[in-house]
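Chemist: These are the residues of each chain, in order.
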Amino acid sequence: MAGLSIAGLGVAAGGWILALAASSSAPAAPQIFTKSQVKAGQQVFLAHCAVCHGYQLQGKIGPALKGPAFADVWLTGKQNADSLFYVISTQMPFNAPGSLKTSQYLEALSYILSQNGLVPGKTAMTVALLKKTTLPKAP
Amino acid sequence: MKAYPLSLRLAAAAVLSLAVSSLGLAAGPTQHQLDAARQNGSNWLMYNRTYSGDRFSPLTQINTTDASQLTPVCANQLGTLAAFQATPVEYRGVLYVTTQHQTVAMNAATCKTLWDYTYVPTGPEPINTNRGVALYKGMVIRGTDDAHLIALNAGTGKLIWNVKVGNSAIGEFLSAAPIVWKNLIFIGLAGADWGIKGQVYAYNVKNGKRVWTFNDIPTGNAVGASTWGRAASTATGGGSTWSTITLDRSNGLVYVPIGNPAPDFAPEYRPGANLFTDSVVELNAKTGKLVRWHQQVPNDSHDWDTAAAPILFTTSNGHHYMAVADKAGYLFVYNQATHKLAYKVPTTTIHNASLHPTVKGVYTCPADLGGTEWSSPAYDPQTAALYVNSVDWCGVDKLGEVRYVAGQLFFGGSSILDPVAKASGWLDAFDASSGQTLWRWHSPTPMLAGVTPTAGGVLMTGDLNGNFLVFDARTGQKLYQFDTGGAMAGGVITYKVNGRQYVAVASGNSSRSIWGTTGSGTIFVFALPY
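As they're listed, the protein sequences go chains A and B.
When we follow our numbering, the leftmost residue of the first sequence carries the number 575, and every step to the right adds one.
When we follow our numbering, the leftmost residue of the second sequence carries the number 39, and every step to the right adds one.
Bear in mind the hints are in silico, worked out from the structure with no lab data behind them.
Since the structure is predicted, the reported quantities are computational estimates derived from the model, not experimental observations.
Take the hints with a grain of salt, since some may be wrong.
[Claimed, not checked] The calculated EDC-like cross-link candidates involving lysine to aspartate or glutamate, where the alpha carbons are at most 20 Å apart (straight line), are:
id, chain 1, residue 1, chain 2, residue 2
1, B, K327, B, D286
2, A, K706, B, E439
3, A, K675, B, E439
4, A, K705, B, D104
5, B, K516, B, D104
6, B, K378, B, D286
7, B, K220, B, D286
8, A, K634, B, D286
9, A, K640, B, E163
[To be verified] To be clear about the criterion: a stretch of chain A counts as covered by chain B if any three or more of its residues have a C-beta under 8 Å from a C-beta of chain B, and this derived list gives those stretches:
id, stretch
10, 669 to 683
11, 698 to 710
[Unchecked claim] Pulled a few chain B residues facing chain A out of the computed Cβ check, cut under 7 Å:
id, residue
12, G438
13, V443
14, L447
15, S452
Every residue gets a Cβ at the ideal spot worked out from N, C-alpha and C, and that includes glycine.
Please model the entire structure based on the sequences and the hints provided.
Modeler: Below you can see the structure in the form of structure tokens.
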């Protein structure tokens with residue numbers, strides 16, 4: 575994409591607003607990742623995230639990625655899963671943003687969500703799936 | 039806004055009952071003492087020492103002939119493993135210093151803790167930094183990372199009032215060190231990188247009530263609004279005050295550094311010069327009314343904040359100047375009579391500075407952690423020199439998707455920094471009238487600490503390897519070095535207690551961002567042996 579057009583940016587911003595509005599009646603907690611993604615995600619997390627977020631996700635120089643602090647921001651029943659993926663895949667690791675593969679980011683997110691009480695299922699997490707998923711309220 | 043009438047009354051009682059005590063207390067510093075800060079070498083009364091912020095100390099006990107004998111006399115470990123970028127202040131034998139949550143008063147000659155107040159935040163904290171306090175008539179005033187402003191009793195550390203200034207859930211916070219003049223507290227929000235709309239405020243020191251608000255990002259009919267080619271982008275336009283604020287007592291103006299626009303790396307989202315980002319704004323201190331501004335970087339696309347406070351100085355031939363060093367890696371000096379740029383000189387490596395980030399990425403120097411960060415330049419009237427610390431660190435700046443997620447970083451791209459091992463720093467000495475380089479010292483690490491010249495002819499600072507450094511201000515020759523064991527990224531101040539000159543430094547900046555530094559937050563105090 576050479577030169578972001580203003581129109582394109584407008585759609586991105588508008589899309590965010592729409593996503594919020596559409597998500598007010600969240601369905602029951604969706605299953606949006608698999609067990610094997612969680613397993614692989616743990617390895618990604620330990621290798622690339624734990625040094626800043628803590629080996630127990632308890633937070634160190636980066637914020638805690640589980641517990642009330644995380645839930646207050648992300649597991650409110652109103653947040654778009656895609657927004658969380660956007661933060662992770664474009665800004666993390668903080669010292670090398672965007673340096674991992676998309677599949678690794680999906681796995682890391684699966685691991686983080688599993689650590690926050692979401693359960694794995696048959697459906698694998700994909701970028702497309704995240705776009706139409708609202709994160710549930712903290713279980 | 040909350041008021042705390044009960045604690046206010048209790049605190050007033052406490053001030054009265056403690057008025058006779060050996061250290062520090064209780065009614066000062068008065069406005070008169072703050073006005074006379076320049077002549078008073080014994081105390082270091084505010085972040086940049088004086089209202090004009092030039093940082094020069096008239097003390098001479100530590101000088102070019104004896105500085106090599108300096109020795110640490112005490113240390114106080116504050117118990118934090120986090121960013122430690124604060125500058126202590128000193129009044130009558132007491133140092134006041136902050137971490138993210140703590141405000142600590144300690145004996146300035148022995149480091150013994152007198153009181154330690156721990157703030158309990160009631161909202162999220164986007165960062166973990168605080169730069170320091172203002173002292174005023176027995177009060178210690180500071181901001182918090184959940185965007186509150188609080189006042190403590192300087193004698194006891196008890197809370198006097200606590201007011202909510204901004205909404206930290208969307209990235210607004212107060213990390214700057216306030217200043218106080220004529221019962222008004224001046225401070226600005228930070229959080230541009232989270233897509234806030236920055237503001238600068240005056241608060242009444244007595245009750246914590248807001249007196250005026252200045253909008254960093256003008257809209258509607260306000261001056262500067264036309265520099266936002268896409269009005270919608272002002273909603274997340276940015277602007278931060280990171281360090282402190284400077285004041286000219288002669289004209290009653292505050293000089294406020296304002297940081298970068300947001301989204302940081304996507305200038306096409308916000309066409310135009312984007313006033314008042316990357317600028318120094320001059321406001322009437324009484325009313326907050328805009329008088330004048332100087333923008334350092336129009337339509338910034340590299341996170342090149344004007345972060346460090348400007349300084350005001352007068353050369354021996356009577357010329358008044360305002361100097362400001364920014365993250366784009368320049369020192370700007372403006373003539374205060376004509377308000378024109380007198381000169382602009384680079385302080386670090388500059389490369390591809392005129393290019394905006396692309397999706398593929400553009401290798402840029404400095405990248406988003408380069409140039410002069412939060413520590414201001416200093417002016418030394420004896421050498422007629424300006425001293426500037428800076429960071430030499432390049433990286434690839436990339437344009438990315440612009441998406442606003444409330445409370446998250448709003449970059450519209452990213453900056454992939456070179457490995458930290460490739461980062462270095464500079465300490466520059468410039469002729470203050472011409473901008474000619476007098477000498478420069480290449481540091482193996484970025485230079486973030488305060489830089490402090492004195493009438494003893496020495497220049498004191500520190501590096502991220504933890505070295506407290508003393509130079510001959512005239513020649514740049516290194517006179518003394520002491521490894522404090524923790525990265526130095528905060529204040530370096532000097533004062534006198536019972537006839538002995540001391541230097542207090544902040545060591546142990548283990549930063550949340552990527553300075554790659556360690557140590558635990560510690561104040562070290564140095565002096566000459568008896």
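Chemist: Does each hint hold? Answer for all of them.
Modeler: So, going through the hints one by one against the coordinates:
no., hint, result
1, B/K327 - B/D286, "15 Å, holds"
2, A/K706 - B/E439, "18 Å, holds"
3, A/K675 - B/E439, "17 Å, holds"
4, A/K705 - B/D104, "67 Å, violated"
5, B/K516 - B/D104, "13 Å, holds"
6, B/K378 - B/D286, "18 Å, holds"
7, B/K220 - B/D286, "13 Å, holds"
8, A/K634 - B/D286, "41 Å, violated"
9, A/K640 - B/E163, "16 Å, holds"
10, 669 to 683, "holds (count 5)"
11, 698 to 710, "violated (count 0)"
12, G438, "6 Å, holds"
13, V443, "4 Å, holds"
14, L447, "6 Å, holds"
15, S452, "4 Å, holds"
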